[in-house]
Each structure stands twice: as C-alpha cells, then as structure tokens.
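In order, the protein sequences belong to chains A and B. Quick note, the first sequence lines up with residues 1 to 299 if you use the working numbering. Quick note, the second sequence lines up with residues 1 to 360 if you use the working numbering.
Label-pair restraints from in silico Cβ distances:
| no. | chain 1 | residue 1 | chain 2 | residue 2 | range |
| --- | --- | --- | --- | --- | --- |
| 1 | B | G321 | A | R121 | 52 to 60 Å |
| 2 | A | P187 | B | A172 | 22 to 30 Å |
| 3 | A | V96 | B | A135 | 39 to 47 Å |
| 4 | A | V33 | B | R131 | 40 to 48 Å |
| 5 | A | F122 | B | R131 | 31 to 39 Å |
| 6 | B | K103 | A | G155 | 41 to 49 Å |
| 7 | B | K103 | A | S125 | 24 to 32 Å |
| 8 | B | K169 | A | P187 | 22 to 30 Å |
| 9 | A | L134 | B | A135 | 40 to 48 Å |
Derived from the structure by calculation, the hints contain no laboratory data. Virtual Cβ for every residue (Gly too), placed ideally from N, Cα, C.
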Amino acid sequence: MTDTATLTGPTGPRPKKALSPRNIMLYGTLIVVSLYYLLPLYVMIVTSLKGMPEIRLGNIFSPPVEVTFQPWVKAWAEACTGINCDGLSRGFWNSVRILIPSVLVSVSIASITGYVLSMWRFKGSEIFFAILLLGAFIPYQVLLYPVVIVLRELGLYGSLTGLVVVHTIFGMPINVLLFRNYFVTLPEELFKAARVDGAGFWRIFVFIILPMSLPIFVVSMIIQVTGIWNDFLFGVVYTRPENYPMTVQLNNIVNSVQGVQEYNVNMAATLLTGLVPLTVYFFSGKLFVRGIAAGAVKG
Amino acid sequence: MTKNSVEIRNLDLSFGAVKVLQNLDLDIHDGEFLVLLGSSGCGKSTLLNCIAGLLEVTGGQIFIKGHNVTWKEPNERGIGMVFQSYALYPQMTVRGNLSFGLKNARMPKPEIEERVKRASEILQIEPLLDRKPGALSGGQRQRVAIGRALVRDVDVFLFDEPLSNLDAKLRADLRVELKRLHEQLDNTMIYVTHDQVEAMTLADRIAIMKDGKIMQLDSPAEIYNRPRNLYVAGFIGSPAMNFIEGNIAGNTFTSGDLSVPVGDYDYMSGGAHDGAAILGVRPEHVLTDDMLPSADMTAKVKADLVEPMGADTLVWTSLEGHPFRFRMDGQAHVKSGDEITIGFNLTRISLFDPKTEDRL
Ligand SMILES: Nc1ncnc2c1ncn2[C@@H]1O[C@H](COP(=O)(O)OP(=O)(O)OP(=O)(O)O)[C@@H](O)[C@H]1O
Ligand SMILES: [Mg+2]
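Model the full assembly from the supplied sequences, consistent with the hints where possible.
And the structure:
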C-alpha cells in the first residue's frame, strides 16, 4: 500500500505550468512595458532610414520602402550646426575628449576619497563626508554662474580642461557615497591584516581593495559615462562653440530654424548621440545591477 | 632570569569618552604562551590591537623585545596576527597570501620562495598553495592565516579567537596543532579567547580580564586552584564554583547550621581572618560516598535535581539557603529527593572577603 503510494505520488521537482496566471501577468506586463519603450525607438529607426518624400506621406509606423543611409551620413558629416557644416562628427570627438579624462579623473578621485573615508578615517572625516553629501542636494543652476567666475579666474573658462574639472567636481558626491558605502562592507580585519603585512596606503588600495571592488567601479563608470555624455547644460555654459559636446550640437541641428525640418536627419542624429550610453548599458547591465545591489547593503 | 618579550606599561586606551583599557601593566616572557581570557567586551581584542599597533594608544608604552614600539607601524613591530575571520586576501592564491608581506618588505624572490616553502611544510598546506581562499575549508584557511604570520619570522604571534569559527571537532584538533607549533617554534604567543578549555590547555599563563583590567595573571593551575578574587573564581570552571556567605570567628567559618573549621586554611596574607567571609568550593571538589573519610567536615543535603552526564553526575541542591552543585561519580545511584552526605577538604576551598572580593 505504502509502496505504491511512494511510487505513484509526487516525485522529484514539481512540474511548472507555462501558462499559470502568475506567468501571464508577469510576461504580459513586461511585454506591454517593453512595447511602450520600443515603439518610439522603432519609429526613430525607420524614419531615419527613409527619404524626405516618403516621410511626407505621414505613415510613421510603416517600414521604409526604399532604405537609404543618406540621413545618417548627413547627420554625421554634413549637417550644419551654427557656423560649421561638418555634422555631428565634431561634437562626437569633442564629447570623447571630454568624456575620457572626466571619467578617469572623477572615478579615480572618488574611489580614493571613498577609500580614505571608509578605511583611513581622520578627525572630522565624518563631517567632511556629510558636507560632501550636502553637495548632492544643491541644484546645479545655483552654482552655474559662480563656477563661471572661478573658471575664468583660473583661466580655464571655455576650454575642455575647464569642463573636465566641472564634471569631476559635480560627480564627486554621488560617486564618493557609492565607493564609501561599498568599502565599509569589506571586512575590517582584511585591512588590519594588510597593515600587519606591511602594506601602506597605496598598496592596500591597489592589491587588496581594487581587486575586490570591480562591480562598484563598473557602476561608477556607468554613472559617469552616461551622465557626462548626456550632459547639455555644462557643455553649453562652460565651453566655446568649437568645443561643444555632441548633445549641444544635436540640439543645434534639431532646433535649427532655417530651412526645412529634415526629420530623418534629426532621427539619425539623435540615435547617433544616444549610441554611447546605450552601448554601455547593453554590455554592462548585469554588472551594474550587481554593483548597485552590493553597494546598497550597508550604510 | 627570564627576559620579557612584550612589556606593557600603564596602557590607556579610550574610544572618545569610553575608557576601554586603563592603566594596564603586563609582562610577557620570552617564548611564553599567554592567553587573554575574559567575557565579551572586556577589551581583549582592543589590547591585542594595541600590541599590534592597529590602534593608537591613548597613553602608556609598549615594548617588544626591549624596543619601545609605541609609535611604530604594525609591520615594524615584529608581530604577526591571526584573525577570527582569517582575513585572507580573497583575490590572491594561498601562495600570494603568504608572500604578500614579504613582497611588501621587498625581500628577494628566492628567499620568499624558500620561506613560503618552509612555512607550508610546517603547516602541511603545500598542496593548497595555488588555490584561492574561497576553495579552502575553515581549518585550511586558518592554517594559511597562521602561515602568513609564520613566513614573516616574527617574534610575537597574536591570535584573536582564531578557532571560534570552527566546529568543535576541528577546534580540538587545531588546538593540539597550535600547541605543537608553539613547542616547535618557541615564539611568544598571545592568544585571545573566551573558551576556558582553550585557555587551560594552551596557556603557560592566563590573564583573566574584566572591564579592561587584568584580574589575575597566573598559571592555569594557580588560577584554577587559588583564584585571586571572586570574579576569577566564578569565571573559571564549569559548572561554576559554589559560594556560601558566612562569618569567620575563632578559626571557624559558620553559615546557619554549617560550620567549617578553617584553622588550617592557607591564607594568602599569612594571618588569620575574623569577620564576614565567603566560602567557595568547586562542584568537582565536593566529596561523597567512600571519599568522605578524608573530608575535613561533612554536611547533609537533599538532592533537588540530578543530571546524569555519563562520565559524572551533577547534583543540584542548596546548602544553608545558597544554591549548591556538586559532582558525583557517573555510576552513582541518586535521584532527586535523596539525602546525601557531602564533605570538603580545607586544601580545596577558597575564602573571600565580601567587601574587597579578594581572596583571603
Ligand atoms: N571602535 C570602537 N568605538 C567605540 N567603542 C569600541 C570600539 N571598539 C570596541 N569598543 C568597545 O570597547 C570594548 C572592548 O571591546 P573589545 O572588542 O576589545 O572586546 P573583546 O574583549 O574583544 O570582546 P569579544 O570577546 O566579544 O571579542 C567594548 O565595550 C566595545 O564596545
Ligand atoms: Mg574580540
């Protein structure tokens, strides 16, 4: 009796129903939400591949009858932004020249500051941290003009270096917070052991802390890359036209008042500008989530 | 003359307003195995961190091998430290862990290899050298942690509860290994624990700490047999010592109907004592049955509760209103409600002054 019961009763893993109400709800919601975000992207892509006559027909959802890459070429190399008519390429390279030093400098300084605030506390380091955090709550607009004056006095106003400095400083609060909160979760005894082993400030950082902190570096990099790449305000305020980042040039193309609105070029230009942050998210999404979760555990 | 390996003079340490260590003096002999024993929060780790140089002292001095190291960095003190959580560098292999300190000291490669080899032989971790700590068991990790101190050829080993993360069996094994290691190396070892068995078995001397002060520093036998004060008496031994409050008058301790002649008691300060006193006797020093003839005095008690534990039997009773426990043979036939005659020997009791709580 009991033998047959054990043979015929539930055995092994419970079978999962593919169409349970829970799954329908879950995937239904996910599909709706993805459509909501993907539809505009779709419209942009198809529009950017159409010629102007086709666009004037007004069927924004229909795929292009005749695929043309001319708008992309024009957006990249020929569109007029203010005085120059060499497309977004100039802005792209400006943005790259702003992005790379800004990200490297801000992530380095933020990580070292976070390291000091978590492992090498000094008298008043808590107050220092509190003040730094306060910086995160001050609206940028308030500081816009004072920073102009400071940069002018330093002779950096209008230059790329000036913009790099601005990005580094404004990225400090959030990134230091991120690093500090991650580093305090690392076991204190590890740090003590390294000191007994004779490692100093830099050797502990490089050989002990860095190898354990990859996720948080990725998070910080992503925040900085996307933040700096998407920045418009600082770019327009603190640089001269020949140094304008891509976002500012995009605005100049899309908002230009002369001539006809070339929607296909606008779409292509917008997609080109968004490509960098998009790629970054695409390739590091997993690390990003892991890093955020790891940093959030302990204050 | 025994030379001192570590000397601590007037050590003070406070965290802000909290005074953790006050005016602490401690001399640790060369090659000695000293155990710091005390309840949680009494400042054992703090003291160890001060010796290691990981905490800056608020006052006082620390000498290691005759050098004043009070202002020295941890790595300049000739100490190695083993932590409770092992604190192995997770991204390095075992070999990397062992050689990190030597690389920091810019030691030439061949010598590093030589030392890593020697230490891994002593600790029997050669097959593990190329693994990461994540792929080791708790016992193996602890061995690597010890190895990290070993390769640096230090004078003084500091252990902060190194075995408390291990299971009971492994703890017993590693305890024996540690003892063997100490005999082999002959370094000074300072070992923090709150495990009495570890303290009694490993130590040459035990320092019992309470609230940042050392209550008694003596050999395990001395601490067990002649506790210097009530705290030490109650802290060491499991189950704890029985205490009976009473009075001494004319060489007799009385408490209710109980009277114990204490004329032959070995007073600490030589002279006899009159007045209030506390008599302490360990459960395992209470005599019963055929041991009774050798007792200096006897009394009758009624068993309230009997706990047979195999090797022995623990009996809970009360004596003159004080809870009283004693041990009998494991084969003793007693049950609760039985009347039992007990006795004790004068050489096996302790007397304390209730006011100062010191041993008489
Ligand atoms: N960073 C700190 N700031 C303030 N107080 C501290 C700090 N570290 C320790 N203390 C306090 O100092 C006292 C001694 O702590 P310590 O870690 O030395 O205890 P311990 O004897 O090692 O205890 P355990 O057996 O639990 O490890 C405790 O009361 C603790 O609260
Ligand atoms: Mg401790």
